[in-house]
Amino acid sequence: QVQLVESGGGLVQAGGSLRLSCAASGRTSSSSVMGWFRQAPGKEREFVASTWSGGRTSYADSVKGRFTISRDNAKNTMYLQMNSLKPEDTAVYYCAARPSLLNSWDYWGQGTQVTVSS
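Under my numbering, the first residue of the sequence shown is numbered 1203, with each subsequent residue one higher.
Keep in mind the hints are simulated off the structure, nothing from the lab.
Quantities reported herein were computed from a predicted structural model and do not represent experimental measurements.
By construction, the Cβ of each residue, glycine as well, lies at the ideal position given by its N, Cα and C atoms.
Be aware that one or more of the hints could be misleading.
[To be verified] Computed list of lysine to any residue pairs in SDA-like fashion (alpha-carbon distance at most 20 Å, straight line):
| id | residue 1 | residue 2 |
| --- | --- | --- |
| 1 | K1266 | A1216 |
| 2 | K1266 | N1285 |
| 3 | K1245 | E1290 |
[Unchecked claim] Between beta-carbon pairs, the in silico distance windows are:
| id | residue 1 | residue 2 | range |
| --- | --- | --- | --- |
| 4 | E1290 | S1260 | 19 to 25 Å |
| 5 | P1301 | S1264 | 23 to 29 Å |
| 6 | L1304 | G1267 | 24 to 30 Å |
| 7 | S1260 | S1209 | 18 to 24 Å |
Working from the sequences, and respecting the hints, build out all of it.
Okay, here's the thing in C-alpha cells:
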C-alpha cells in the first residue's frame, strides 16, 4: 500500500504561482510512476503531469510551459510548480501513483483545492 498526502493548494490571483507537494509513504516501490490529476466542478478528472524513472516527464498540452513536475526521491515527495495560473486551472488537484507505466493508477491522495481568481 502507498499513502499519498497532498498539500500546498490555495487561492491565488490569475498570473500567480503555487507549488503543490505530494508526500508518499508506505510501499514506495509501488510508486515508481507518480502524477498529478485535476477535477474541476462538473467536469471529469483529467491528467495534468507525470514523472517516472530518470526524471522523465509528461504534461497535458493545457499546462505545458507553465507547470513543472519534479520529484525528490530522498524525501519521497513529488512537486508541481504552477506558474502563470489561469482561472481555468481552478480544480481539486490529486496526486496519484502506480508501480510502472504498464499499471493503472492504483493509489490516490485526498486532493487539494486550487482556486485561481480573475
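A quick look at each hint next to the structure:
no. : hint                       : verdict
1   : K1266 to A1216             : holds, 17 Å
2   : K1266 to N1285             : holds, 10 Å
3   : K1245 to E1290             : holds, 12 Å
4   : E1290 to S1260: 19 to 25 Å : holds, 20 Å
5   : P1301 to S1264: 23 to 29 Å : holds, 27 Å
6   : L1304 to G1267: 24 to 30 Å : holds, 29 Å
7   : S1260 to S1209: 18 to 24 Å : holds, 23 Å
Consistency note: the structure conflicts with none of the earlier hints.
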